[in-house]
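**Q** Chains V and F supply the protein sequences, listed in that same order. Here the working numbering is used: the first residue of the first sequence is 233, the next is one more, and so on. Here the working numbering is used: the first residue of the second sequence is 2, the next is one more, and so on.
Hints were generated in silico from the structure; no laboratory data involved. Mixed in with the good hints, there may be bad ones.
[Claimed, not checked] Across the chosen pairs, the derived CB separations fall in these ranges: (1) V:P314 to F:R16: 23 to 31 Å; (2) V:T252 to F:R23: 34 to 42 Å; (3) F:S74 to V:P272: 21 to 29 Å; (4) V:R290 to F:R58: 32 to 40 Å; (5) F:N56 to V:T258: 25 to 33 Å; (6) V:S240 to F:N56: 26 to 34 Å.
Cβ atoms here follow ideal geometry from the backbone N, Cα and C, with glycine treated the same way.
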Amino acid sequence: SQKIEQNSEALNIQEGKTATLTCNYTNYSPAYLQWYRQDPGRGPVFLLLIRENEKEKRKERLKVTFDTTLKQSLFHITASQPADSATYLCALLPTTDSWGKLQFGAGTQVVVTP
Amino acid sequence: ETGVTQSPTHLIKTRGQQVTLRCSSQSGHNTVSWYQQALGQGPQFIFQYYREEENGRGNFPPRFSGLQFPNYSSELNVNALELDDSALYLCASSWEVSNYGYTFGSGTRLTVV
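Extracted from the complex, chain F is given alone in its bound form:
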């Protein structure tokens, strides 16, 4: 059984640019959540996808958007990057909307300069 895989591991972008981060969920999992973790902080919920539909969103602006594909992999897109978007972006997968623990990937470290 494979875990959650995220790509790329590190990324440097310029303010104003757009970025796409990718996540392959754990085998058998159909729900993907995305979190943003600033240095020294806990992860902050961005949104969740269940069976290709967004079904929950945190306090993030519309320039944060996502997709889930039929194979349950997912993308996080961020437009008009700001310096404050620099963070570790984490993807977590689960079976259904889980009452159990989520499986996290190792994250993508995004630096906006």
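Just chain V, same shape as in the assembly:
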């Protein structure tokens, strides 16, 4: 069956350190993968998109890697700040789906302490 797995345990990290989140998928050949941030009671906010032919993408303090052989994406927050505390969701567009049916993981909560 198709699965998208993210660490279910919260990631507790000290301010200034790098947070690394993992997204693993099985039985998908995604056209691209996206990362979103979600705060409690709010909708997800788009952060980054990486395509199947890209290895790495950066935006300010954020970095995403995509390894289609390992079927894994890593999401890094460098120089983390308490304001980065949120749940981070990975989502992919299955290649066989042509109409934007994003499939989401359950998310990983990040807690950044001062």
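With chain V held as given, fit chain F onto it using these hints.
**A** Only chain F this time, still in chain V's reference frame:
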């Protein structure tokens, strides 16, 4: 530029009732998708509307239906509500069927009792 607006923000309904949720897409966006997010889970795709036509549907029963209007706003209707329908319902808009990120609204929290 306005974002995606959803109404109402919270709603309590009784099992068996019907509910309509509304979404105004971001200015310039012509595609609307609806997602259901249960507590502690990621959003699950319900369906997508593009230029007023449904063009993709997830694993949801027919009692989940929708509409998109000429101004690209949208409604999600759920008939015969069940307790398991309690969730955060999210609307996301994009330009065309986007290869970029979707803009989500803050959602409607539906509680079925």
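**Q** Now look at each hint and say whether the structure bears it out.
**A** Results for each hint:
no.: 1; hint: V:P314 to F:R16: 23 to 31 Å; verdict: 41 Å, violated
no.: 2; hint: V:T252 to F:R23: 34 to 42 Å; verdict: 39 Å, holds
no.: 3; hint: F:S74 to V:P272: 21 to 29 Å; verdict: 26 Å, holds
no.: 4; hint: V:R290 to F:R58: 32 to 40 Å; verdict: 35 Å, holds
no.: 5; hint: F:N56 to V:T258: 25 to 33 Å; verdict: 27 Å, holds
no.: 6; hint: V:S240 to F:N56: 26 to 34 Å; verdict: 33 Å, holds
Violation of the numbered hints given earlier is confined to hint 1; every other hint is satisfied by the structure.
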